[in-house]
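Please work from the sequences and hints to get the whole structure.
Protein sequence lines, in the order shown, are assigned to chains A and B.
Each residue of the first sequence is one higher than the one before, starting from 1 at the first, in the UniProt record's numbering.
Each residue of the second sequence is one higher than the one before, starting from 1 at the first, in the UniProt record's numbering.
Careful, some of the hints might be misleading.
Unchecked claim - For each label pair, taking beta carbons as the anchor points, the in silico distance ranges come out as: (1) A:3 with B:153: 33 to 43 Å; (2) A:169 with B:43: 50 to 60 Å; (3) A:223 with B:99: 49 to 59 Å; (4) A:226 with B:84: 55 to 65 Å; (5) A:169 with B:206: 21 to 31 Å; (6) B:221 with A:3: 41 to 51 Å; (7) B:88 with A:93: 16 to 26 Å; (8) A:91 with B:109: 52 to 62 Å; (9) A:9 with B:246: 32 to 42 Å; (10) A:3 with B:208: 31 to 41 Å.
Just so you know, the hints here were simulated from the structure itself, not pulled from any lab data.
Don't be surprised by glycine CBs; every beta carbon is placed ideally from N, CA and C.
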Amino acid sequence: MVDLWSGLAQAFWLVVTFDKELLEIALRSLQVTLSALLIACVIALPLAALLAVRRFRARRMVVAVLNALMGLPPVVVGLIVYVILSRSGPLGALGLLFTPWAMIIAQVIIIVPLIASIAHQSLRDLWHEYHDLLISMNVTQRQKVATLLWDARRALLTAALAGFGRAIGEVGAIMIVGGNIDHATRVLTTAIALETGKGEFALALALGFVLIALAISVNLAIHWVGRTEREGRW
Amino acid sequence: MKRTIMAAVFALAATGAAQAEEMKMAVTTSFHNSGLSDILLPAIKEDTGIDVQLLVVGTGQAIKLGEAGDVDAILVHSRKAEEAFLAAGHGTHRREIMYNDFIFVGPEDDAAGAGKAEDAKGALAAIAGAEADFVSRGDDSGTHKKELSLWAAAGITPAGAWYKEVGAGMGASLNTAAGMGAYIMSDRASWLNFGNKAGLDIVFEGDPVLFNQYAYLPVNPEKHGHVKSDLVAQLEDWLVSDRAKELIDSYTIGGETLFVFNADQMAKAAE
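Pasting the structure below:
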């Protein structure tokens with residue numbers, strides 16, 4: 001209990017004094033996760049729309065596999081990315097291991113199935129509504145996808161936020177591929193693991209509270225930005 | 001959206017620009033937990049301009065990182081594993097830098113009587129005899145290997161419910177021991193810097209067999225062409241310099257000296 005209070009107090013002081021190291025690792029956390037989120041959305045959202053619009057034999061299979069991959073264990077993803085990016089692995093020549101890029105790659109792999117699955121759910125429902133209209137207008141596949149994505153943007157935001165939540169709190173994969181190097185790949189979650197290992201529970205808790213606060217404020221900010229275009233249809 | 005793109009671009013720029021004077025070195029948790037790296041790294045940066053990026057892992061993983069060429073050099077403490085590393089041609093040579101020592105930590109009342117033993121073997125025999133809880137690193141680190149060699153020397157095969165292999169770093173293992181009131185072998189530095197000593201204390205120390213030699217091993221550039229050999233050599237020269245000697249020997253926690261510099265400053269690095 002004492003640790004909890006001193007953790008809260010320490011978190012408060014770290015934030016109000018603009019602790020330089022805290023600022024650095026918090027910014028890196030945001031940088032890595034937002035980059036991963038952006039890349040994952042570019043992959044996952046069109047994929048989800050295609051899965052809703054196109055009929056092909058393996059569609060059910062692909063959807064089922066995507067759903068299953070939502071529970072992909074981050075440690076395993078980390079290990080696979082590690083082996084591939086290691087200097088003695090197939091992509092070793094790129095020298096990406098133990099850089100923020102390796103962390104971004106791992107996070108993208110972890111959240112693409114999650115975002116695609118949630119997005120597919122809502123796009124499929126919307127497609128039921130739009131199906132006859134769009135078919136009768138004889139639009140191209142690309143236009144169907146674009147229409148669905150635009151009109152379902154609010155639901156897609158939820159999918160993206162779910163992805164953000166999973167990525168920002170993730171530690172297993174990025175610890176392995178990032179290496180938790182001070183001033184290079186240390187982020188909030190790996191710093192928490194490090195301080196816990198040193199027995200510095202108060203500082204670890206303080207960092208944890210900062211992480212939670214960060215996640216909440218990013219969510220609030222995105223919701224606030226979303227509300228400004230409320231005059232639209234949703 | 002714009003900000004996200006900016007962040008992505010920034011991430012790219014940050015990793016790209018960072019190539020200049022950086023090298024990666026795998027070090028053991030015990031070295032890093034001691035806090036000595038926080039003293040040495042800024043001094044290295046100041047004197048040589050090299051930004052040493054530390055990967056803090058167990059000796060087993062450090063050696064693997066060196067074999068794969070994912071780091072430029074390693075600083076570890078497990079002589080047998082180091083010699084195997086060199087024999088397989090993964091490193092160019094081995095340079096001893098400094099040593100510290102291991103201690104046995106246990107519950108303050110020392111119910112098993114490990115503290116009354118004359119040497120390290122005796123202390124382990126007392127713990128095993130009492131079947132007192134003992135936490136083992138179990139992670140193939142230098143400390144773990146040392147612990148196993150001590151059990152072997154004592155002629156005991158540790159097994160049973162009292163012997164708990166946690167497969168974790170020094171700090172996490174100390175946390176476990178503190179939670180269970182168990183015995184554990186730790187390097188002195190990690191113990192002194194550990195923040196959660198709840199009910200634990202040093203029960204045995206001082207046997208020469210517990211000395212712990214750290215050595216610096218550059219990764220072989222013939223196997224991995226991308227290794228920054230010039231920076232690695234510069235760092236080695238610094239690590240055996242008088243400046244390093246002074247910083248290492250004068251580093252204390254709570255008035256206790258932790259490391260003793262013992263590099264052979266005359267020896268030329270083997271080619």
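Violated hints, by number in ascending order, as checked against the structure: 2, 5
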